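Sequences and hints are given; from them, build the entire structure.
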Amino acid sequence: MSALKSFKRWFLDPQFSRKKQFLRSLDIFKDLRDRDLGHLVAALHSRSYREGEVIFVEGDIGRALFVLESGEVVLTRSVAGKEPVVLYRLKPGDFFGEMALLESLPRSATATATEKTRLHLLYKSKLDALLHAEPRIGVSIMSHLARMLSARLRRLSADPKLLSSKND
Amino acid sequence: MTDERHAFPFLTAFVVTGVGLYAFYRVHEALTPFLLAAAFAYVLNPVVSYFEARGLRRSHLVVAGYALALALSLVAYAGLKSMILSETELFQSRAPGYLSQVQKLVYAQQVQLAKKLPLPPKITEHALESALSGALHALQELPAHFFALLPLLAHALLVPFIGFFFLLDAPDGVTAAIQILPSRYVEQAIHLLSEIDSALGNYLRGILIVAAAITLISFVSLVIMGIDNAIVIAVLSGASSFVPYLGAIVGALVGGGMAFYQFGTLSAAMKVVALFVGIRLADEIFLQPVIAKHSVHLHPMVFLLALVLGGEMFGFIGLVFAIPAACILKALVSVAWSWYSSERGLALNLADGAGVPYT
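Which chain is which? The protein sequence lines are A and B, in order. When we follow the working numbering, the leftmost residue of the first sequence carries the number 171, and every step to the right adds one. When we follow the working numbering, the leftmost residue of the second sequence carries the number 95, and every step to the right adds one.
Hints in this document: simulated from the structure, not taken from any laboratory. The structure displayed is predicted, hence computed values, not measured ones. Be aware that a few hints might be false.
[As the list claims (entries may be wrong)] Incomplete in silico selection of chain B near chain A, CB under 7 angstroms:
hint, residue
1, Arg-148
2, Gly-149
3, Arg-151
[To be verified] Going by beta-carbon spacing under 8 angstroms, a handful of chain B positions derived as facing chain A:
hint, residue
4, Val-141
5, Glu-146
6, Ala-147
7, His-154
8, Thr-269
9, Glu-289
10, Ser-292
11, Asn-323
[To be verified] Subject to a maximum C-alpha distance of 20 angstroms in a straight line, what follows is the list of computed EDC-like cross-link-like pairs (lysine to aspartate or glutamate):
hint, chain 1, residue 1, chain 2, residue 2
12, B, Lys-198, B, Glu-183
13, A, Lys-294, B, Asp-291
14, A, Lys-294, A, Glu-253
15, A, Lys-190, A, Asp-264
16, A, Lys-286, A, Asp-264
17, A, Lys-200, A, Glu-285
18, A, Lys-190, B, Asp-266
19, A, Lys-294, B, Glu-289
20, A, Lys-294, A, Asp-183
Yeah, the Cβ is synthetic: ideal placement off N, Cα and C, and Gly gets one too.
Rendered as structure tokens:
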């Protein structure tokens, strides 16, 4: 029995298991089965960013969702004639740029790595391919995105300050 | 909206691609085994990825896959060895007979045509003779062309050997390339790679599956029908099926001719023709819709043009890579247009109902 276990361990990729474990800990992928997570890991691209490296710039066309594995990313928005406003600081496990999975529109903020950062990128084209090949994965991710968008929209419409500032 | 600094450097990309293509043109002969190996690895990669997605180590999978393929090849060779040898001997012994039979048939038709055409007999005879002798000469030259391809068989060992390393290390190479790219262009570059991969990969794997299916089905059917040289006819039909309709035409002509020669009846030839028409219809009804669903569509004329240009510019390697290159070109144009339209705001469409308040 132990021989079988050590044979299995010898055949299994520890890095792959680590990535899968990390994805499983995220809210957006928590409903996926073990096998689905395997397909997702295969569809992801990973890249490391140096401190201060710009990931994308406000106005760039979005193509991918970014999942932050380690480090920190800051989202900023430019204001005419002023210093850029910090919108949010992302911590490991957070994801951003999710709108690119729905439509190819300009990014609404600039993302910059504030320290050595490792990101996983999921592309719309890859997600589309997964939607066809493994619909369960696509449906799960899309339904989570829809719930998240609904929550944000509900918060926005319930907050009179946000609405009035928008209308001013 | 984005300013000029944010736009992808199309001009730089085109210049770099142009210089790369010219450099490739200069050294393409030396690169032949590497290109074939890259294509070999690219076609096989989904099989490795399928098991890799189950958490298995890539290195172990590739080694195990090669060992399995070697074992299967040995078993297949042992099983088919006697059949291949007997078919080769049969073909060698009957080839002069086929040729003289064709010559007889041609000259008989020539005489009949000369009688029917309203032209002076000398002119008709001369015109037909020159046309037919050209065709016969080309037919006689076929074995020489075939033997000219034999040096390429040296690649039969080299390609899987180099392909092994491509299969093993290609993902690490892609990761390294992504890491080197300026971070601003990572998104767009991988988007381009993904688009090309999804269009080209599905297409290539699709036509390879079709070719393999046609070869297998026609081989089994021809053996059942008792047609000689079933392997040769099936391989010819399968290999030429890369060009739409050509596989069925080649199979029907060569197979039908063989059946006519072997049995001496038109009905035997018609049975073979019906077989290849049936295979073509089954391909059209069952396989093509699945393949065309997620891949680039190329018009048959584009197919032929790509093959002619590829063959003219790069010889054999050009023939092999003409269709994939046409697919890549089409995917590049489509992605470039999608970029251009989104960068310039031409494709900004709000979803229907965006103006309705949240309720």
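Outcome of the hint check:
Interface restraint check: Arg-148(B) against chain A, minimum CB-CB distance 6 angstroms, threshold 7 angstroms, status holds. At its closest, the beta carbon of Gly-149(B) sits 5 angstroms from a beta carbon of chain A; the interface hint therefore holds under the 7 angstroms criterion. Nearest Cβ of chain A to the Cβ of Arg-151(B): about 5 angstroms, under the 7 angstroms cut. The hint holds. At its closest, the beta carbon of Val-141(B) sits 13 angstroms from a beta carbon of chain A; the interface hint therefore is violated under the 8 angstroms criterion.
At a threshold of 8 angstroms, the smallest CB-CB gap from Glu-146(B) to chain A is about 6 angstroms, leaving the interface hint in force. Interface restraint check: Ala-147(B) against chain A, minimum CB-CB distance 4 angstroms, threshold 8 angstroms, status holds. For His-154(B), the suggested interface contact is upheld, since its CB lies about 6 angstroms from the closest CB of chain A, less than 8 angstroms. Interface restraint check for Thr-269(B): the shortest CB-CB distance to chain A comes to about 7 angstroms, inside 8 angstroms, so the restraint holds.
Interface restraint check for Glu-289(B): the shortest CB-CB distance to chain A comes to about 6 angstroms, inside 8 angstroms, so the restraint holds. Taking 8 angstroms as the C-beta contact cut-off toward chain A, the hint placing Ser-292(B) at the interface holds, the least distance being around 5 angstroms. Interface restraint check: Asn-323(B) against chain A, minimum CB-CB distance 40 angstroms, threshold 8 angstroms, status violated. Proposed proximity of Lys-198(B) and Glu-183(B) is contradicted: the alpha carbons are some 24 angstroms apart, above 20 angstroms.
Restraint check for Lys-294(A) and Asp-291(B): the C-alpha separation of about 13 angstroms stays at or below 20 angstroms, so the hint holds. A hinted pair counts as satisfied when its Cα atoms are at most 20 angstroms apart, and Lys-294(A) with Glu-253(A) does not qualify at roughly 32 angstroms. Taking the CA atoms of Lys-190(A) and Asp-264(A), the gap is near 16 angstroms; set against the 20 angstroms cutoff, the hint holds. In summary, the hint linking Lys-286(A) to Asp-264(A) is supported, as the alpha carbons are separated by about 16 angstroms, within the 20 angstroms threshold.
As the CA atoms of Lys-200(A) and Glu-285(A) are separated by approximately 27 angstroms, the hinted pair breaks the 20 angstroms bound. For the suggested pair Lys-190(A) and Asp-266(B), the alpha carbons sit about 18 angstroms apart, so the restraint of at most 20 angstroms is met. At roughly 10 angstroms between alpha-carbon atoms, Lys-294(A) and Glu-289(B) fall within 20 angstroms of each other, so this suggested pair holds. Only pairs whose Cα atoms come within 20 angstroms are accepted, and Lys-294(A) paired with Asp-183(A) is rejected, the gap being roughly 26 angstroms.
Comparing the model with each earlier hint shows violations of hints 4, 11, 12, 14, 17, 20; every other hint is respected.
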